[in-house]
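114 is the number that my numbering gives the last residue of the sequence shown; the numbers go up by one with no jumps.
Some hints here could point you the wrong way.
[Unchecked claim] Derived lysine to any residue pairs resembling SDA-like cross-links, with alpha carbons at most 20 Å apart:
id, residue 1, residue 2
1, Lys-61, Thr-96
2, Lys-61, Ile-77
3, Lys-61, Val-104
4, Lys-61, Thr-28
5, Lys-61, Asp-35
6, Lys-61, Pro-23
7, Lys-61, Asn-105
8, Lys-61, Asn-16
9, Lys-61, Tyr-89
10, Lys-61, Asn-83
11, Lys-61, His-32
12, Lys-61, Ile-45
Honestly, the hints are just simulated from the structure, not real lab data. A quick note: this is a predicted structure, and the numbers were derived from the prediction, not measured.
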Amino acid sequence: AHATMQQNDVIEWTPEPSHTALVHVFDGSVSVNGQTIESGQMVVFERSTGSVKIEANLETDESPQLLIIGGAPLNEPIVRYGPFVMNTREQIVEAVNDYQAGRLVK
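Using the sequences plus the hints, can you model the full thing?
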């Protein structure tokens with residue numbers, strides 16, 4: 009979810025214990041479980057029981073923006089090359105060829 013927070017806003021979330029969960033701040037800063045997270049930083053949580061508490065900074069008028077993501081692990085192989093992320097080397101080669109030929113992005 010994309011969230012834009014206002015001063016004194018609080019988001020509380022309890023991810024499923026078996027899910028991967030993360031918070032990525034891309035504008036401003038917030039407190040995540042008591043730790044200050046700045047723009048460009050991401051917190052990835054261990055898979056376990058417990059909740060996540062996100063608080064907007066109490067001392068500024070900024071409106072922090074963040075992504076809150078959670079989901080079941082895919083348990084698939086990952087191959088990456090630059091900005092390309094696929095499951096196999098063959099898929100990477102195909103994606104790079106498609107990009108270079110202008111078929112991937114218009």
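Output the numbers, in ascending order, of every earlier hint that fails for this structure.
1, 3, 7, 9, 10
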